[in-house]
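Asks: The lines below spell out each chain.
Number of protein chains: 2
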Amino acid sequence: MSNNIPTRFPDLAPKGPSGELLLAAERAKTSFDVKDLSRFMYTKKWLDKMTQITEVLESEPAFDKTNRYYQSREEKISTSLWKDRRLTELVKEQKWSETETQIANFLFDQSTPFTLHYNMFIPTLRTQTTDEQKKLFLEPALKHHIIGCYAQTELGHGSNVQGLETTATYIPETNEFEIHSPTLTSSKWWIGGLGKAATHAIVMARLITNGKDFGPHPFCVQIRSLQDHRPLKGITVGDIGPKFGFNTVDNGFIMFEHYRIPHVAFLAKYSKVKAGSGEYVKPPNAKLSYGTMVFVRANIVMGSRFALAKATTIAIRYSAVRQQFVDAANPRKWDNKIIETPVIDYTMQQYRLLPAVAATYAFFFTGREMLRLYDLNQEAMKNGNFDLLADLHASSSGLKSLTTTMAISSIEDCRRACGGHGYSNFSGLGQFYQDYLPNVTWEGDNYILTQQTSRYLLKTFRNVVAGKAVPSEYNQTITYLTQYLENPKAKCPATKPADFLNPELILSAFGFRAAYGIAQVAEQIDRHGRTWNSMLVEIARISKAHCQFVLVRNFIIGLQADASLSTPERRPISNVLKTLSALFALYTMEQELAEFLLPGYLSSEQTAMLKAQVISLLDEIRPNAVGLVDAFALPDYFLHSALGKYDGKVYEAMTQMAEREPLNHTQVVQGYEECIKPLISQGQAEGRWRQDGLLQVASKL
Amino acid sequence: MSNNIPTRFPDLAPKGPSGELLLAAERAKTSFDVKDLSRFMYTKKWLDKMTQITEVLESEPAFDKTNRYYQSREEKISTSLWKDRRLTELVKEQKWSETETQIANFLFDQSTPFTLHYNMFIPTLRTQTTDEQKKLFLEPALKHHIIGCYAQTELGHGSNVQGLETTATYIPETNEFEIHSPTLTSSKWWIGGLGKAATHAIVMARLITNGKDFGPHPFCVQIRSLQDHRPLKGITVGDIGPKFGFNTVDNGFIMFEHYRIPHVAFLAKYSKVKAGSGEYVKPPNAKLSYGTMVFVRANIVMGSRFALAKATTIAIRYSAVRQQFVDAANPRKWDNKIIETPVIDYTMQQYRLLPAVAATYAFFFTGREMLRLYDLNQEAMKNGNFDLLADLHASSSGLKSLTTTMAISSIEDCRRACGGHGYSNFSGLGQFYQDYLPNVTWEGDNYILTQQTSRYLLKTFRNVVAGKAVPSEYNQTITYLTQYLENPKAKCPATKPADFLNPELILSAFGFRAAYGIAQVAEQIDRHGRTWNSMLVEIARISKAHCQFVLVRNFIIGLQADASLSTPERRPISNVLKTLSALFALYTMEQELAEFLLPGYLSSEQTAMLKAQVISLLDEIRPNAVGLVDAFALPDYFLHSALGKYDGKVYEAMTQMAEREPLNHTQVVQGYEECIKPLISQGQAEGRWRQDGLLQVASKL
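Here the protein sequences come in this chain order: A and B. Under the numbering used here, the residues of the first sequence are numbered 130 to 830, in order. Under the numbering used here, the residues of the second sequence are numbered 130 to 830, in order.
In isolation and in its complexed conformation, chain A is listed as follows (with noise of 0.2 Å):
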């Protein structure tokens, strides 16, 4: 018998009720219907393209994800190119726009080390550059006759741009600038694309021009041979080493040893520095930039709707065919008799999983409102008009922080509620998790932006308690500040548990809370003094509580406010959406409790209402759980998990996975020969082992 016998299970069924039927029974339950739920997130137009690229890219082999879990970090990096190179193919091929392109890399869902080229190379070249300079870049990068990354961080130096150290110095004598990496610290780092793949990277350097510095300022900077890809001369360039997750991605370092670039390398739309005399020329007001921070931000926040999408969609179906114990109170039956109940029907498991359903709703609203404030507010901005700018950049910064901090959380608490094979990686949650998790250090590390939200926040109540800030529509800020100095001592009116329903009580709620936090913080500040340093705990929790009002809000004022909403028959669909915003909210609420306690406004009698509430809240939703993350609509392509598989095949989708282990391909394991057999043959010579199987030795004894 040859050792290269593949490892294959019998055909055998899992016990039934099998999880085919299981999820039909859920299905069945849906009080509401689920396509009509996904189109109104995503549009119909949306829904039927994703459907066609899926469609491709199942029959792509670059984009096969079949072997993804099983892979070595240098056939990740090699098959990533193979992804990237084929779909600059396939945009031509299929005539891909870019919303179709970037459904495609959606679907994918993993990145490669050509997606910083596309997601930030190509867009600071569009922002940053001259004329000219878009020929001599931009063009050729949009053709891929160049691969770019950007490199920001360095070893030494994260948040704090202002403190990078690469400098980029000003030769007039050959109209150069000489870019210098003066200590290992300064070495670029995290370099997404950078370690292996790009030919390009727009480099922040400090610039030096007529021995003055002026700090960061980015450059355009070839590193690798257009003719065979080695490192130009003056640079060292390589691959960071395996991380946690994103082992797809090639992040690179690179240090510059006194590397001489043209003056057209500087990335001259906003400053400037004059050919020959040197001269320093300052950027216009910075404030336009703020625009674009909140339209990424608005986009990371969407993201995280799909992070909790796809985690939710996983961990719910499967918790809907997993069975386990018998529920004596209320024991589940199947053809009459008793089965092991699903574990979804386990309040704790609701607990754990159905407000992270809600939060997916929640992020979609807030992502939209956000996406809506960004349109009006650059129309506003093209007319000189600051006004909307302050509040929507303040809590974009908050919201990125605590929308990732809360999709990070709700991955990890999805793959945990899946039991031990949540920590398989065929559950799909795993890499993910590892993915994830850079979304709450990059476009700004989740602690530090709290401290953005903050200040403006203290600002705003400074300004409100000096009579110099009215109520407006798109100041809510003001709005609940103004509210709470009105009556400091609010109470909350609720007297039995559906009073928690009303979204009015609740706005309240989450307003005053917010506002009583920051006149807190004012005050230990502002009248005892405190140190900012010592106050940054307290700091972090009112940029929180600002911003679960913001989500909490823009939940309950969306579904109001959506005409599309209204019509009789999408009225269950938004009896159900309605369900929603009040679990997160007040699920949110209890998570927060000590903050409605602690200014007397919620009392203890009102507390045990309020967990009643949520409790009653879990069973109303409980049934449409399966139709709830049906509705999100991700193709099993997308996700890739053997648990959550829209047919319900959970173990038959485990054992397939398992037979394709490269272990499991051979019979031998590589290492017997000189590890195991010669332990073994020791009892073999001793002759007490000396027969196979038990039964013979057992006979000799």
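Just so you know, the hints here were simulated from the structure itself, not pulled from any lab data. Nothing here was measured: the structure is a model prediction, and the numbers come from that model. Glycine is no exception: its CB is placed at the ideal position from the N, C-alpha and C atoms. Please note that the accuracy of each hint is not assured.
Chain B stretches covered by chain A per the calculated footprint, using a threshold of three residues with CB under 8 Å from any CB of chain A [as the list claims (entries may be wrong)]:
1. 323-335
2. 724-734
3. 800-814
With chain A's structure known, arrange chain B on it following the hints.
Replies: Quick look at chain B alone, frame taken from chain A:
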């Protein structure tokens, strides 16, 4: 120039002050004798052994960690087998005792295919076999003539052991058992060591004899040939595939097709099946085995202390080296020049890390106390006294749940507190998180375990109410419940922040809060008829509240009762531990604030004092931060972390480890010719980018 030139960093120093100097400055601030605190925790003897064994391992190629973060799954398995074999030799060469072997495994810090042979196979054979079976199975197992594993969990059944499907039917005709897997879900799954290494397995299967099903019982089953390691006929066995972590272990599956084993394979120390008649003989009282569970869980608590110790050592050392921004209100100076502030000086960073340091010591005192009570209880049970057992066993369930949940969450908090570099595997925290994670699932799922604790708490509450339980030194649960019932409207007596440092005040508060929660749940269930399922959320909360009481109490009482801490020389150590115990208690109180506010026990004024006291404790502990983690005495070999190195040479280590990345062994990446060159060369063909280097290109424009 060949493509195989490895990438090397230039010989540059990091920006000063260096990590070495910064850590030296931290160490000079320590108020106590670091080495003496290590001795207090571990004993001098254990520390000496560890030092000695570390030296041995550092010169053993099979124990080398250099390539640990770069290996594919197959490499992980084969190098793990190499370590397993070499360890069997080292034990003989070095004449290591069991403790010394454990220290070697602790230092190696990675599970292997043989881990379950030692941790489950041998212990099961020790405790559940007859003398005949010890000769047949245990003796060869101890000599590694057979390699075993423990096969309980199935694809469809984890926590619910009674639901296992695999059958073992007694065949009187041949005096055999027939092991059979009736369904796909009955496949054994997750079994460490089974996938590729084991020759034998303890299989938990439903015993069926004379047509009656007696539920799961253990059998010792040979599964692979001792001649050539191939699976025996009737067996399908293999590796379950890649996991979130633990990929150095061959977790496996196995299915049996009417597989016969002899009568002697049934582990017959407790229950028996009579040969011939097949008559089943019941085991004696199962209570005795609860003692073993307490022992296992006490060791998990002690293990979670090491998990925290490792994570905090890395995060604190790196936080003392890493500088970011200047704290304008309190700039840090070095040689009279302002430098960027080491991040450990930011209150938020202290708030994220120092409570985890305090928890490490808290887990130590509770683990020690659990082991002491375990010994006491074993002694008492021998004398027929089961008084201690119930409280000890119940608390151990919740403590396993709470401490492992806290540990895993702290590992991740520490990883994030390391900023971007925490995401690099070189931090030592990523793979560590992945490998530690199963602790929240195995030995009882952490959510399910809380139900065991709470069931006991509710029962005890009812007994106290009925006057059937009397407070005793060994049952603090009865004590705090009795106190609560005497004064259910008690209030916290604190009138100034310093009052919160009073150990009695702290213990009363935690006791009251636990009792209040228990009373509420009892009322809901006993008076309002709420089902157990509908109360699961609160049931988890009271288990946590009780275990936090236990952790706080063991820390405080442990310090008070330990004579070895009362000498004048150890006063500084005693002082710093007292401060840590206060931080642990008050930080926990702040995290669980709602439960202290809800019963009206704490007022909002007192909360402000509490929060102020927490910040002031952080400030007090801050100068000892590095000393406190140094005292954990974890060698660099154990940590294997660039960020956590004792000498603070963080950036040197990061770059050295990056040089070893396999992708950096060649200058041009695999995939360039097929995927990148075709794209770029189109640009070359168009004539725009014919020359290398931007200089030439630009000059042509």
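Asks: Look at each hint and say if it fits the structure.
Replies: Hints, one by one, checked against the model:
1. 323-335: holds (count 4)
2. 724-734: holds (count 5)
3. 800-814: Answer holds; 12 residues pass the 8 Å Cβ test.
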